[in-house]
Structure formats: structure tokens, C-alpha cells
Amino acid sequence: MTSTMTSAAYAKGLRKVYRGTVAVDNVDLDVPRGAVLGLLGPNGSGKTTTIRMLLGLVTPSAGTVELLGADMPSGAARVLPRVGALVEGPGFHPFLSGKENLRRVATAEPTLSSAAIPGAVRDALDRVGLSGAANRKFRGYSLGMKQRLGLAAALLVERELVILDEPTNGLDPAGAREIRRVIAQLREAGSTVIVSSHLLAEVEATCTHVAVLHQGNVVAQGELADLLEAGNPTLLVSTPDADRAVESLRDNRIPARIAPDGVRVDLTAVRQPDVLRALVHAGVDVYEARRERTGLEELFAKVTENELDAAADEVPAQVPDDWLSPVSGSGVSGNGVAGNREES
Amino acid sequence: MSTAIAATPVARRPERTGAPLGRLLTGELRWIFRRPRTLVVLGLLALAPVAVGISAAAVGNAAASGEGPPLFSVMGGNGFILAIGSLLIGSTFLLPLVVTMSAADALAGESANGTLRGLLLAPVGRLRLLGIKAFGVACMAVAAAAITALAGLLTGLVISGTDGLVTLSGSTLSLLDTLGTLGLAVAWVALQLYAFGAIALAISACTEHPMLVLAGVFAGNILFGILGSLPALSWLDPFLITESWAALPDLLRDPIPAEALTEGALRAACYIVIGLSLAGARMLTKDG
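In order, the protein sequences belong to chains S and P. In our numbering, each number is its position in the first sequence, counted from 1, plus 7. In our numbering, each number is its position in the second sequence, counted from 1, plus 475.
These are computed hints drawn from the structure, not numbers from a lab. Keep in mind it's a predicted model, so treat the numbers as computed, not measured. Take these hints with a grain of salt, some might be off.
[To be verified] With the C-beta cut set under 8 Å, the calculated list includes, among others, these residues of chain P facing chain S:
1) Ala494
2) Arg498
3) Pro511
4) Asn588
5) Thr590
6) Gly600
7) Arg742
8) Asp762
Think of the CB as a built atom: it goes at the ideal place given N, C-alpha and C, for glycine as much as any other residue.
Just chain P, same shape as in the assembly (with noise of 0.2 Å):
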């Protein structure tokens, strides 16, 4: 134990207030992506197209001569299609899982081990703190919909090679076409995923439980996809999440139709700004 603790109070470098941002953001990200949950979460999440692709080759096999659900049945055959509905797959249920539990470790874990507070003390300011583990959750919304997008185009480029990339409408689109396009469809998931992140920010920002967070997010969720299948509540649709989703296979269209597309992304867009605000909201008067 050394006996020299340097405390005095004269000769003090000027006065900062706060850490350099760059920092604060990749100590965030060391942070997220090193935690075992995080790595095992996205390990499920690129084992998921392969069995999806697998099981679909089987099926499509066995359908080309009899039945089976059409969309399944050309996924095995072609890796393009298998990314997508991979995503399409994933969307209902595992990627929104996914993000939500980052945003529910992001403020609610913190909360929970009293590590919330070290960040406040330290200090980072409430926003800036806020900003930090926004961009956190979006770092993960990208990854999940990257790692689910990755892990379908090599499945499909296994089992078939690069010959079927042929888009829904019939044309065939070459490996950079594919690509753009898968780019595109990732983007576009990450910002749906982000709405959802936004919203478990927001109330990972008023508990300490990250499973309330869960839970809430969850059964937002479930509650969205139930309004948003009776036909007699049709004018709530514009405002449910859960209802951009069926404009992802769009992207499988050659031209692609852009109008669901861009009414998804500006619905994610406002639920981004609501979650994010009311999450600021809680920060500021949240006591630490």
C-alpha cells in the first residue's frame, strides 16, 4: 500500500466538466458489447437465419413438388430472400428482445447495481448521460439487425451460391445489388428497432427494474399487434409500431415500392423523438 494519497487542493489543472464524449461513447460500447449476455444474445441471434435457411432448403425441396408457404419455400434456395425474411422473422418478437434489454440494462441495470449513481457523481452530466446510453441502444439496434441480416445471406450463399439472388418480382440481382439493397433493409430494421429501444428507454429512465422494462415493452407490443388486427380499430394503425413491419418485405420487390417504407420510418421517427424526450424528462428530476 503506498502512504502517499495526493489530495491537495492548490495547483489544480483547469477546471473540466466533463470527460471527453468520445470516450464516455467507447467505454459505453467496451461496456456493452464485452458483456457475456450481449455476445450470447447476438450468438442466438445469427444461429436463428441458419436454421430458418436450413429448415426452409428442406421444406423447398420437398415443395417443389407438392405444397408449402411460398415465401418459406424460396428461402432456402436464395440468400437475398433469406436475410430479409430472416429480419422478417426476427421482427415480431427476437430483435425488438433484443434492443429492449439493452435499453433496460442501460438505465434500469444500471439503477439496479448502483452504478447509475458513480456515473452521475463522477459527473456526467443527466443528458449527456442520456445521449451516452442512447447511442449505446442504437449501436445494438444496428448490430442485431446487421448479425440477423449477415447470418441469412451467408446461409443462403452456402446452400445455393451467389446464382439465386433473384428478388420476389423475378429479377435477378447481382452480389452488389444485393448487398445495397440488404444495407438498405438493415438501416431501415435498425430504425424500427430503435423505436422500440426508445420507448424501453424511456421507462428504463423511471425504474430499476430492468424487468419492468421488459415487460412493458413486451406487452406494448403484443397489445399493438392485437389492436392492430381488428378491422373495426383500422384508424389506429397509422400509429402502431407493430404495423411498419409489413412493409418490410417491399424490399424483396424489384422496383422496390417506397411509400410503406418511408410511412415506417417516419412513424419509428416520432416514436424515437416521444421515447427519447420522455426519457430526458425522467433524468432530469430522476433522483440518483
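Bound-form chain S, shown alone (with noise of 0.2 Å):
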């Protein structure tokens, strides 16, 4: 194996194949310990498969998983009691209540023991806000309930690595966002976690590392920071005279243009302390200098830019704003965009 310990997980050469369509293809992922990693990529690129796989769930085509420094899924027995996950939306008996669910999951979990069960539900119920429903019939929940109770079995105790399928699908704003103060929480108290999704706006707020599957393969991978940055680095200073900020850096052999909020400087060749030392000589006035990096939703239309042009021609039905609706979207788009190639 060639993974390090400082990895949560790792992955070699994924491959699955469900009866001759190709599902997830050559996927290699590296996820160090204490990252946030958004798994990102449109409906049926292939992040739950990846998910299961890594999860033992399902076992690979091809290729080797290391979860938390023990092979997958051999080693499921010794790893899986230290990793929560929540895979393919929250599963659940619609005849008990969300707290008798809780015991049911809690019952299977090796690291509690008995006497600690009912404490540690009650836990993870507040935690996820849902003690006020606790005793209600699982049937009854609204659809973001459903999600909360899978979040908090996930989190039924301590996690090393918490994985989460689609966490946000079906909650309102004030729920999504609850979800990333609990994964915020989490990478605070040490905990990896991964957590996939369709929702840019999602994972650039909550991920430091980012891996984006486009039709079963990994077509850019890194941390967040880094590949956000990959495209031409800009710096926007605000200013009141913008022309001449523009002459004086012009005069300074320093490419620069007025942009509607401000001033925009390339920053190919330069240095940022360098632009605003030529602007502080020229004596104009500087309220504010920030680096302008390129939005998430560029570089996931940079890197999947051909496939979705070839896509949009076999499915007009896609929906471009499926962050808007979600669920309805999820069945819009899906296997007819998705990289299903004949297994050769």
C-alpha cells in the first residue's frame, strides 16, 4: 500500500462496473486526515458509488480502498464502529418513532455500550434539533427531519471520519446551514469528513479540500484554496479614483483595467505588495485590496466543459439551477448525463 497514515482515505484505481455500465472509472482520491472534502459532481457522476465503495459497501471492480489506514472491505469490522455515514438519503422504519430509530441504530453500534445508549441518542437528537420531535413516528417527519435523524445516527458517536451523501438534500437555507456549523464542528474537533454533493455554493463554504467526479472519474482534485486559484490570479483594489490607479499602475508596466467595483489588476507577473506600493507612491487613495479568486462554479464548468456541452445536447431537459429545487432536480438530470459508456 502506498497511502501514508495521514490519510483518512485513500483510494487506488477505483473501478465499478454494474453489468456492463462503466460506474466509476480509475478513481484515485487522497483525503488527509482533518480535511473537509467535498466530493462534487452532477447527479450520477459517480459520488455514491465511490461513497459505497469507499464504505465497503460494495466491493470494487478494480482498484483498493484504505479507509482510516485499513484496507476496504476487509478490515470493515475494525474501522467502520470509528466512521459515521449518512449514503443514499436517511434510512429509517416509518413505524417507529425518530427516537426509537436512534436506539435501533445504537443497538448495532459496537463503541456504546449499553448503558450508554439511551444518553448518546438523546445527544444526537439535540444535536440535530430534533428532541422536540423525538418521540413522533418516523412517517410523520418532513423530509429535512428525515435528513436530521440521518445526520445524527451518523453522529451516535465519537467519529475519526464522518461521510455524508448529499447532506443538505431536502433542507431549507437555516437547515443547510445548521449542517455545515456540525461539520464545522467537527473538522474543529479533529474528525475528517467528506461530504458529497451537486451544490457548489455548499462545499466551497464548507470544504477544504474538493474532488470533482465527472462521469465515474476525478477530473481535478486539491485543496480548495489551490484550485480555486488555479485560473489567471487577479487583485481587486477599491478605490475612489480609479483612473488614476489605472495610469499610475499602467506606468509601473503593470497590466491593470476599471472593473464596475473597483480596479483589477492581473497578477500573473507581479506581486500583490508590489501593485499596492506603486499605487501608494502614486498617492492614491486604497480602501480595500483583495485577491479575487475564480468562484467554484467556474472551475466546475472549466473542468466538465466538454462533457455537459455533449450532454446538453442529448438531454434538453437539464436544469441549470437545480440548487433552486434539489430534489425535484436530482430527477431531471442523472443517468442521461452521466458517463455511462459500454464496458469495453
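Could you use the hints to bring the two separately framed chains together as a complex?
Shown next as C-alpha cells:
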């Protein structure tokens, strides 16, 4: 094995073929301990299949997986007690209450002593804000409450690694914000988090690392900040005197142009302090100067560009703004867009 | 909402790789027997002997002077015969249905709810999980047989008291002997039912549609019934689980002829071994 002890999850050459359809192909992943990895990709890009292979639920057709240093799926019994997961939506029994459902999950947790079960269940419900609905039947839960209960089950005991598959599905903005808060807390406590999403803003707000999956392949991977700055770096200078600023910069052979919100400076060939020094020397008032980063959306479009164009021809109903309705959006795109090629 | 999320990777207790088995088994039983549909089905099972007893008593009074099926007419006046008769009546359809239903819920139903994945992720080892599920189905088989027999016995006792506990051979049984024979009957029927349950578990491990399990087992049940009734295919009979039921009335004789009952028990055991092996093989390769 080539992974180091610093990887919470490590995959090499992962491939999964379902009856001649390639769901995931040659996926390499390396999630450092303590990271929050956003697994990004359109619906049907292989996010869930990858997660299921990481967790040992599915045996890969080829490739290897290591989770917290143990080979999967053979090491599942040793590793999974330290891993919390919410995969493919929350699975619970409709005829049991939220609390009874969690108790049932707790019963199977190896690291929970029987005496500790009621307390752990109470804490988990409390953490996701479901204490008030603890005794209501799961059947009567709203989509968002179901999702929270799934999160509660994943956080029932201390976890070194938490894997959340589309955790904000069906949540209102406040609920989504709470999930982000929970993820931040997990990270502060030293846990590693892998969170899959097709919502770009979501990932940008919570993650330190990103892997972009497209048609079963990883098309981009790395630290979020690095990936975002991979494009042409620019500096946005906010000043009341834009004309003079541009003039003085050009005098110093620094490329700059006027933008609606200030002056945009190209940092490809020049360092940020030099720009500021030039401005200050010229006596230009500067309110603020900040690095402008490529939006994740832009990056995402870039790495999945060609295929998306091709897919747009096949699926005219492709909804670009599925963050407005995450649930209904998932039904529209899906496998038509996904990279399902015939096994050769 | 509490703000502290405990997730320190350091300071861990000694690693356990599985939750205590006893806790898992009681959890499984609680899940089965708190389920509304389980309670409804067991309640209906208990009602069947009552209905049979009452109608048999009515027919028996009329048949005392005229015609009527012999076993049916004696059922009304005899708690012992009513209990075993109820098991026999249930054996064609009702009792296997109940056990198949529980086996269908055990794996296919959990799979459909997404809860099987939760158990696999806990993690509960795949074979361990099958063992727990097989235990639950076994309990259901015993409960179904016991409730039917008990309801039959109580109905008979209410209708005619303890006087009429005669066997078909004509000897009279004490209440204790009656209970002993009924215990044997319940155990034997539960074993037969468990054979259905094991096959159902094998199908249940292959699908996430509980309905498919019911359909599969009952198609088989009916097919076996037809095969068993064809004289040209009588060489098949030793392999048909449905042929065992014919031995059940032997328990009404005194002394009890053991041959057919033993053969039925062995046949059931074979089905159980085959069913659970298939289920185990499937569980190990199944995608979670």
C-alpha cells in the first residue's frame, strides 16, 4: 500500500462496473486526516458509488481502498465503528418514532455500551435539533427532519471520519446552514469529513479540499484554495480614483483595467505588495485590496466543460439551477448526463 | 442544541468489532414484535381456531344425528383435536404466510427502507446479521405455531371443558399429556414453518422487494402442492416440503407413529440448511 498514515481515506484505481455499465472508472482519492473533502459532481457522476466503495458496502471491480489505514472491505469490522455515514438518504422504519429508530441504530453500534445508549440517543437528537419531535413517528417527519435524523445516526458516537452523501437534500436554508455548522464543529474536533454534493456553494462554504467527479472520473482534486486560484490570479482594488490608479499602474508596467467595483489587476507577472506599493507611491487612495478567486462554479464548469456541452444536446431538459430545488432537480438530469459507457 | 461534538480520535477505548450479540437479538425481537403488522397477523392467527371451533361445534351438534366430515365434527368437542386441527388448517396457507412475511421483512424489507445499509455500516458482520435475522424468523415460526395451538386448545376447553381430551384412537389424555403432545406439535410445525422461512430468507437476501419473496414462496408452495398430487410424479414426493404436512394428524393417535413425523422433520432440516446456506452466500456478495 502506498498511502501514508496521514490519509483518512485513500483510493487507488477504483472502478465499478454494473452489468456492463461503468459507474466509476479509475478514481484516485486521497483525503488527508482533518480535511473536509467536498466530493462534487453532477447527478450520476459516481459520487455515491465511490462513497459506497469507500465504506465497503460495494466491492470494487478493480482498485483498492484504505479507510483509516485499513484495507476495505476486509477491514470493515475494525474501521467502521469509527466511521459515521449517511449514504443515499436516511434509512429508517416509518412505524417507529425518531427516538426508537435511533435506539435501533445504537443497538448495533459496537463502541456504545448498553448503559450509554439512552444518553447517546438523546444527545444525537439534541445536536440535530430533533428533541421536540423525538417521539413522533418517522412516517410523519418532513424531508428535512428525516435528513437530520440520518445525520444524528451518523453522529451517534465519536467518529474519526464522517461521510455524508448529499446531507443538505431537502433542507431549507436554515437547515443547510446548521449542517454546515455541524461539519465545522466536526472539523474543529479533529474529525475528517467527506461530504458529497451537487450544490457548489455548499462545498465552497464548508470544504478545505475538493474532488470533482465527472462521468465516473476524478477530473480535478486538491485543496480548495489551490484549485480556486489555478486560474489567472487577479487583485481587486477598491478606490475612489480608479482612473488615476490604472494610470499609475500602467506607468509601472502593471496590467490593470477599470472594473465596475474598482480596479482589476492581473497578478500573473507581478506580486501583490508591488501593486500596492505602486499605488501608494502614486498617492492613490486605497480602501481595500483583495485577491479575487475563481468561483467554484467557474472551476466546475471548466473541468466538466466539454462533456456538459455534449450532454446538453442529449438532454434538453437539463436544469442549470437545480440548487433552487435540489430534490426535483435530481430527477431531471441523472443518468442521461452521466458517463455510462459500455464496458469494452 | 449542544455545541460540543466529541470526536477526538485520541483516547479510544479498546476496540470492539461488534455490538454484544444478546443486545442485537433482543433488539431484533423488539423490532419484530412491536411492529403493528406482526401483532395484527398474530391476532388473526389466534382468531382462526376460535372460528373453526365454534362452527365445528355447531356442525358437530347437527352431525351427531346426520352427516359431516369426521375430523371436523370431532374438533368441536375436543380442545386437543381442535388445536392440532387448527395447525393443520393453517399449514396450507396461513402459517407459512406469516413466517414468509417475517422473512421478507427481515432482509428485503430492511433493504427497501435503507435500514439494512445502516446495520452493515454499524457494522454488524454480514453473516452475523443473517444469523440475527434467522433467529428472528425462527422466533416468529414458534410464535405463529404456538398461538394457533394455544387458541385452539383454549377454544376447545371453553366449549367442552377438560372431559373430551380423547385421541383419534379413542384413548383419553390427561391435561398434562395433552400439553406435552401439543408442545411436540408446536415444535414440529415450527420446524416445518422454519423451512419455509429459510427459503424465504434466501430469496429475501436477493431482492429489495418484500412482495417478491411472498410471491416466490407461494408460487413454490402451490407448485409443490400440485406436483405432490400427481400420481405420475410420486417419486418427487420425498423432496417436497409440502408433503410433510400429511404427517401432522399422526399426533392425534395413541401411540404416536413416529416414522412420517421424523421424515418430515429431517426434510425440513434439509430445507433449512439449504435455505440458510444460499442466504449466507448471497449476503457475503451482496451490495449494501
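Hints and how they fare:
With 8 Å as the threshold, the beta carbon of P:Ala494 comes within range of chain S, its nearest partner Cβ sitting at about 5 Å, so the hint holds. Given hint, P:Arg498 at the interface with chain S, holds; its Cβ is 6 Å from that chain's nearest Cβ, closer than 8 Å. Annotation: P:Pro511 was flagged as interfacial toward chain S, and the flag holds, the nearest CB pair being 6 Å apart, inside 8 Å. Because the beta carbon of P:Asn588 sits about 5 Å from the nearest beta carbon in chain S, less than 8 Å, this interface hint is met.
Annotation: P:Thr590 was flagged as interfacial toward chain S, and the flag holds, the nearest CB pair being 5 Å apart, inside 8 Å. Because the beta carbon of P:Gly600 sits about 6 Å from the nearest beta carbon in chain S, less than 8 Å, this interface hint is met. Checking P:Arg742 against chain S by beta carbon gives a least distance of about 35 Å; that is not within 8 Å, so the hint is violated. For the restraint placing P:Asp762 at the interface with chain S, the shortest Cβ-Cβ distance is roughly 5 Å, inside the 8 Å limit, so the hint holds.
Checked against the numbered hints given earlier, the structure breaks only hint 7 and satisfies all the rest.
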